[in-house]
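S.K.: Residue numbers (my numbering), protein chains in the order written: chain A, 1 to 364; chain B, 1 to 1086.
Wrong hints could be hidden among the right ones.
[As the list claims (entries may be wrong)] The calculated lysine-lysine pairs, modelled on BS3-like cross-linking and capped at a C-alpha distance of 25 Å, are: (1) B:Lys3 - B:Lys118; (2) B:Lys351 - A:Lys270; (3) A:Lys268 - B:Lys351; (4) B:Lys761 - B:Lys964; (5) B:Lys6 - B:Lys118; (6) B:Lys934 - B:Lys966.
I should point out that these hints are in silico values taken from the structure, not numbers from a laboratory.
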Amino acid sequence: MTSPAHLVLEDGSVFAGQGFGAEAEAHGEVVFTTSMTGYQEALTDPSFAGQILSMTFPLQGNYGVNRFDTESRRVQVRGFVVREACDLPSHWRSEGTLHDYLASAGIPAIEGVDTRALTRRLRSAGVMMGAITREEPEQALARLREAPRYEGSDFVREVSASEPFTWRGRGPRIKHNVVVLDLGVKHNILRILRGLGCRATAVPASTSADEILSLRPDGVVLSPGPGDPALLDYAVATAQGLLGRTPIFGICLGHQVLARAWGASTFKLKFGHRGANHPVRETANDRVTITAQNHGYAIDPDGLPAAVEVSHVHLNDGTCEGLRHRELPAFTIQYHSEASPGPHDNRYLFEQFLELVEEARETR
Amino acid sequence: MTKPAKVLIIGSGPIVIGQAAEFDYAGAQACKAMREEGVTSVLVNSNPATIMTDEGVADIVYIEPLTVELITRIIERERPDGLLPTLGGQTGLNLAVDLAEAGVLDKYDVRMLGTPLKTIRMAEDRDLFSRLLAEIGEPAPEGTTVTSLSEARTVAKRIGLPLVVRPAYTLGGTGGGFASTMEELERIVSSGLAASPIGQVLVERSLLGWKEIEYEVMRDGADTCIIVCNMENFDAMGVHTGDSIVVAPSQTLSDKEYQMLRSASMRIIRALGVEGGCNVQFALAPRPEIAGWATPKGEGDPPYFVIEVNPRVSRSSALASKATGYPIARVAAKIAVGKRLDEIPNAVTQKTTAAFEPAMDYVVVKIPRWPFDKFPLGERELGTQMKATGEVMAIDRTFEAAFQKAVRSLEQGGRSLLWEDPKWREDETRDGPMPATDDRLWRLMAALRRDAEPLELARASGVDPWFLQKLARIVAMERRLLAETLSPELLREAKRLGFSDEQVGVLADRLPERVRQTRLQWGIRPVYKMVDTCAAEFDAATPYFYSTYEEENEAKPLAGKKALVIGSGPIRIGQGIEFDYCSVHAVWALQEAGYHALIANSNPETVSTDFDTSDRLYFEPLDEESVRDILDNETGEGDQTPPPSIVQFGGQTAINLAGPLHMAGMPILGSSAEAIDMAEDRGRFEEFLAKLGIPQPPGAAITNIEEAISTAEAIHYPVLVRPSYVLGGRAMEIVQNAEELKRYVAAAAAAAPDKPILIDKYLEGREVEVDAVCDGQEVLIPGIMEHIERAGVHSGDSLAVYPPINLTDEEIATVVDYTERIALALQVDGLMNAQFVIVRSKEASNVYVLEVNPRSSRTVPFISKVTGVPLVRLATHVMLGKSLREQGYQGGLWPKQSLVAVKAPAFSMAKLGGVDTYLGPEMKSTGEVMGVDKNFPAALAKALLSAELALPPGGAVLLSIADKHKQEATPIIRRLAQAGFRLYATEGTAAMIDALGLPVEQVTKRLSEGHPNVVDVIHDGTVDGVINIPEGRVTGTLRDGFHIRRAAVEKRIPCFTSLDTARAATDALLAGVQTYTVQPLRAYLE
């Protein structure tokens, strides 16, 4: 099962390890997350499409994998980098090992890597393209240089549902009809909405505002997803078309899309925010909550109209973490209120969204 | 909230099981926080061996007994406007509650800072807490508080056995336990009711075998809440968390479970209204298929139960702080004076704030250090009552490596992970339950070596299979090392799994030094990674490192002058917090001299392992391999030699490294390895003293029984026997005859073959002790300490007084002369401790040398504080080449101070079932207190009060005194009667008291012959103290009076086994109590 493998970065750095998962070569943007739990949720998070994910916590796969902890229908990462992958997991829900899971998904992975050295490299040089290979590093580097770059690729089209679908899960009596623009939705958003009495219908990313409105939604969630928001003019147009006509809640990429619809520009962060420990301050009450984050781009609030206020700020670097329209029923957060993985501190935002939905229904 | 101007911080008193160095760390951090906030700190503690009681740390220091009365007087004098209740452990918390309830806080307008009183009450009172949990929908195991045995029986009928019993308001689970039968229930409830200050115990459903998980939570006044760390216990529910192997972060919890418990912790801390730090403990249902002996999860049960909340900083929070780099105590102190989490900068990253959750990119393993090497006859099974005196922590990037480093850090007499008890060869380890004991981790390894299946072992032990699979991987590597030829690949893999060179050597059949040399040739060296709270996400400035075998080294050699201070490892009997105090002072002195101070240590509880203390902290085992690796790592490209090490301050742990470091050509600051060996090698030392013409008790080192008997006959019984190279008087005995001697020699030979045994004439005289600093020209002796007990009671267990009260000027002059001559002739460079016995006869008074140690001692903090001579600082500067005169001091005996200070031992016997409390040459105390005042009776009274050895005025005393000592006891008995004590006595003693014409009630010591017997009068509270002086001074075989002594311990009343202590306690009672002063330590020195 183990054979020598390497992680090669486009700047020429090489990290040695042993291969596991699929015996293939992977190319992608190499990013790290500091979340200590939730590897299966992360592997299946569509926001990681096009990326090779490195876990800063060294021991992965301890509690195995199962059919419940998935956030989409498949493994989304291009490759997986860990210090140690557990081949004898222990958990009452475990149905298999990381290795088998990745192998059957066709995803290559590497263990035994000095992932801390890798993190330090990415933190100082910024995220970059890389390859997981079981072949000669030099040749892999040459192939990597030929491979399509992360930037400039629209991964949303890859991960979004091709057909609308309604979440079939247990929940209380249906009170609201919520449409989720699937830019790479995590299933937990749908689960939470269903749990709060919503019919949650995900629609393809390319769905137009009129098509969505024809579904008579009580509110629309713009979902998280992968990649550069600057490439998503079609989704921005949809958001523009929805504004003022239905309550909107934008999460992560959905936040960036709505921000663009309001006129803000976006930029790439050096190494992104990925982890389960990001402190965010709510400007209205100065309260700080710990959030789950997974984004490589952020918005520049300078271009925003006066009607839109910055509602949340990242405590560490001061970047914008949320927006709220002063008049219209629309707000956004840059982080993941659905968690999974990560802290559950921000689930209240779904409830706030449903309050907007109810208010809108009363005034309708 | 307005910021207070002056805050009172209450310390946790002496080191006892359940309250160790972690509260010195917490208190020191709190003082630092107050200073940063511009708040004056007033600190009170009875324990002098603490950094928090240094004037450089707190602003105003009181070393006084921790009682409501004394603290009230301090409040009266200082008029603080705030009190920090949550940093002094359970002791500090209970006192704060008592002060509030006594109306003292209201009267003097002192605010309780941080977590409000209401919250403390709610968290500590089981019923209130259960009600709160029910209100917020958090599941708690069914249970009820009871205040009597009959109530407990009723509860047992309702809930059913097994049950767990927890006393309210105690530390370290004192007096609790599991009961699976009615008899057990009755026994445990009785002891629990006695242990609880409010006479209340909780009887609840047992969750034996469930996973035990802890969360460390912080909350500020603005309701921002964060988790610092979660921790998973290797040992399942049923073992006190202080006695569990603990891993951080949790390893077998999925994100769903992790977050479920995280959210629950936050709901609880919010409902309680904690402002500061808080610890929440959960039981999580185990894997159904392994729950062999666990209490099964019932049909309707939730996935977890809330077990306990500590609304204060704790041992776990100290561990979490060291495990993550997040300073919980410091942040809690700042929250208490009104700061919000996001207003407190993160000292590690210097970019972020305290409002975040640390991300770890390594695994931390903690293993408790138990005292059963000293108490082999103690009950070694682990349960709800904590028994460990200390703990070690290790950090690495795999569980196996962290675990193995932690085992190495235990420093258990060379017991590596490969150790097996020969008894286990009978293969009994494979079948049946394997309950937790102090040696279970070795038993698990042994079973795995015999091909036990991890799942099977999980069923037998309740340990999650994940951990056992990891141990099985260690066993698999052992097999490879045994079978394969050592190659670079194999060695590297072994090092990545945490194998020491020594283990590799044993398995691959090479000397450890050969393994090391081969390893270095192959370029296999550890790298050092930083503990930075953020998993390398941000550039951090913490100088806090651990070793691992990976690619990138983050600890480049520090440029400039530097030295490594070797710490003292886990707190154990004989090597306590005193040595951490010394290590920290050595660091400060180095820095003062313009050096970078590096420190190596393995103990997470201490101030020395606070990353703020030194210029660089290496959190590593304190063995030759680790220390040499650190020194190699600090050797820069152009350096001729590695930086020097200081081995004088870390107790026996550090001094034992002198030889190996010297052999390896690594420089040592201070006394040479040669001087150390000279003092420790019996034969060489004898010659050395003979040359100086300084007498020592006659004796010899022997290696067989014939030599032993001939030596003993030559010098006459009684003789003192002990193994060479002692620590805390380990396995030392006073032997009266040849038969006892034979037994001792046989046992010692079995424990350590080939090691010589020392036999000395036992001289029953007055014992004195000195610490001194020598610069090669002059010897400064800050003071002489006189022991209250005659020689024969270990110096660590004796009451000691400074200045001496019974010595003649001539005797003092002799002690000073001997000390000076020995120090100069040994070429001591730095500190030295010497112990003497003075034997007076009609004609003369003779001073004999008992022991000389060219290193710091247990008494250094005490003598430094009471004389004002900064011993460690002077010694460190001396080692760096600055003479005493250059430092403004000179040789000779330092002028006597006008104060009197008494040091008293503190014991943890109540926690250690089966251990005899009789004091002898084997050290048994876990900590110490100091009483200081203007005269001896007052100082003594305070010391006894702090050590819980004071007799309450007007009470009753039980006496049982051997014939041999009856005459000597007479004046003490008369004084007790005179002081209004009612006397109870066993048969012979009663007859003797009766003959004195004093009223006495006889109770039988024959437990099977009627009531009331000796144990009855202790248990039912008839007597308030015991004086039990057994025949002779033999330990080990001494069972006479054992029941009396154990009963006294369990009832928590003073029990004196030496007439000297009893006399002192009686005198103190008569003279001292009414007259003591309360003032800052500094005022006594003026």
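S.K.: Of the hints stated earlier, which fail here?
M.R.: The structure conflicts with hint 6 only, although it agrees with all the remaining ones.
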